[in-house]
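Novice: If you want the building blocks of each chain, they are given just below.
Protein chains: 2
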Amino acid sequence: MLKDLIVSNRSYRRFHEDVPIDMATLRELVDLARLSASGGNTQCLKYIISYGLERNAAIFPHLSWAGYLPEWPGPEEGERPAAYVIILLDTNISKGAGCDQGIAAQSILLGATERGFGGCMIGSIQREGLRQALAVMEQYKIELVIALGKPKETVILDTVKNGNIKYWRDDQDQHHVPKRSLDEIILEPIRIGHPITEPPPAGK
Amino acid sequence: MLKDLIVSNRSYRRFHEDVPIDMATLRELVDLARLSASGGNTQCLKYIISYGLERNAAIFPHLSWAGYLPEWPGPEEGERPAAYVIILLDTNISKGAGCDQGIAAQSILLGATERGFGGCMIGSIQREGLRQALAVMEQYKIELVIALGKPKETVILDTVKNGNIKYWRDDQDQHHVPKRSLDEIILEPIRIGHPITEPPPAGK
Numbered sequence: 001m002l003k004d005l006i007v008s009n010r011s012y013r014r015f016h017e018d019v020p021i022d023m024a025t026l027r028e029l030v031d032l033a034r035l036s037a038s039g040g041n042t043q044c045l046k047y048i049i050s051y052g053l054e055r056n057a058a059i060f061p062h063l064s065w066a067g068y069l070p071e072w073p074g075p076e077e078g079e080r081p082a083a084y085v086i087i088l089l090d091t092n093i094s095k096g097a098g099c100d101q102g103i104a105a106q107s108i109l110l111g112a113t114e115r116g117f118g119g120c121m122i123g124s125i126q127r128e129g130l131r132q133a134l135a136v137m138e139q140y141k142i143e144l145v146i147a148l149g150k151p152k153e154t155v156i157l158d159t160v161k162n163g164n165i166k167y168w169r170d171d172q173d174q175h176h177v178p179k180r181s182l183d184e185i186i187l188e189p190i191r192i193g194h195p196i197t198e199p200p201p202a203g204k
Numbered sequence: 001m002l003k004d005l006i007v008s009n010r011s012y013r014r015f016h017e018d019v020p021i022d023m024a025t026l027r028e029l030v031d032l033a034r035l036s037a038s039g040g041n042t043q044c045l046k047y048i049i050s051y052g053l054e055r056n057a058a059i060f061p062h063l064s065w066a067g068y069l070p071e072w073p074g075p076e077e078g079e080r081p082a083a084y085v086i087i088l089l090d091t092n093i094s095k096g097a098g099c100d101q102g103i104a105a106q107s108i109l110l111g112a113t114e115r116g117f118g119g120c121m122i123g124s125i126q127r128e129g130l131r132q133a134l135a136v137m138e139q140y141k142i143e144l145v146i147a148l149g150k151p152k153e154t155v156i157l158d159t160v161k162n163g164n165i166k167y168w169r170d171d172q173d174q175h176h177v178p179k180r181s182l183d184e185i186i187l188e189p190i191r192i193g194h195p196i197t198e199p200p201p202a203g204k
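So the protein sequences, as listed, match chains A and B. If you're matching positions, the first sequence starts at 1 in the working numbering and goes up one per residue. If you're matching positions, the second sequence starts at 1 in the working numbering and goes up one per residue.
By construction, these hints were calculated from the structure, which means they are not laboratory data.
Note that the list lumps identical chains together, so a pair holds whenever it fits in one copy or between two copies.
List time: in silico BS3-like cross-link candidates among lysine-lysine, alpha-carbon distance up to 25 angstroms: (1) K161 <-> K95; (2) K141 <-> K95; (3) K141 <-> K166; (4) K179 <-> K161.
Just need the whole structure built from these sequences, with the hints factored in.
Specialist: Next comes the structure, spelled out in structure tokens:
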């Protein structure tokens with residue numbers, strides 16, 4: 001079921017770096033993004049794939065890892081991503097990506113989870129440094145970096161208490177992520193005259 | 001497999017309006033969004049659910065349906081969505097949604113597809129009219145409307161030719177969507193010194 005996949009698809013930041021992800025798998029993941037929705041069907045996103053020590057090492061220094069764990073500089077050697085998918089906006093196609101990069105990233109990460117991998121969408125990127133490291137042309141705007149690998153950490157979903165949404169690590173180094181409740185995020189519009197009513201019976 | 005679900009999850013704009021989607025199902029779909037990634041884990045999105053003739057009718061006039069089919073005013077009565085999920089940014093939590101609404105919308109639509117429904121992410125919204133119709137407070141910014149229902153049209157994926165990405169309908173009223181090829185959207189960075197190489201063998 002999709003829900004199992006979505007629950008398993010946590011944001012992982014530590015990996016078994018020695019477990020590779022091959023090019024064919026990475027292309028399959030990008031293909032999932034390709035087949036997903038795109039605003040106005042412009043398909044304005046392009047992708048750079050990275051695996052292998054050399055290119056991965058060119059990407060890693062330009063990423064910030066966990067804003068709420070300031071004392072943690074990111075994964076150490078041996079726990080770094082085995083691969084990356086970098087999502088770019090092709091500004092020759094569209095001036096903005098809308099939320100296409102979110103749609104694409106979700107498809108890619110669900111696909112990775114299905115294959116026993118996991119990852120993290122990283123938006124905190126030193127974009128100019130990464131652009132230079134990979135010689136990305138000005139035509140392309142770096143939107144997101146998806147780090148991928150075989151997860152080497154446990155992520156636990158908690159319930160938000162006192163409005164605190166910061167993730168944290170316990171003394172066993174397990175990563176906790178507080179989530180808001182369903183009742184908190186579903187709003188009821190207050191306008192009189194458009195109450196929510198039971199749908200008409202099938203066949204009406 | 002996820003790929004089957006992603007391929008089945010097309011943007012549908014015509015529905016069997018008399019096939020309802022109940023509140024429990026709609027809450028399940030929002031729960032899939034709730035359990036999905038959020039930038040900085042802020043979980044800045046809120047949701048309005050609509051089903052039933054009255055509230056749906058309050059939403060419909062504020063949506064634009066198919067930019068590339070200017071002669072088509074949108075689904076006629078009887079073919080309109082059975083339900084909506086409106087995705088809002090709670091500006092008391094965050095000034096911007098990043099691409100969270102894309103992540104959330106993809107989870108919701110994949111969940112709808114798994115349940116035999118389908119839908120369309122609509123970003124072309126007369127936002128002020130919709131805000132007034134549902135008495136949405138200023139605190140919330142309308143990001144996306146997801147139209148949902150049991151699809152009543154056939155959507156066919158084609159390959160982009162001559163750069164033309166506009167969807168179109170054939171004389172049998174089937175909806176065609178051209179998609180770019182995988183080779184068009186995966187770029188190869190040109191910088192010498194960071195070639196893509198085979199990953200190290202497992203266990204290195």
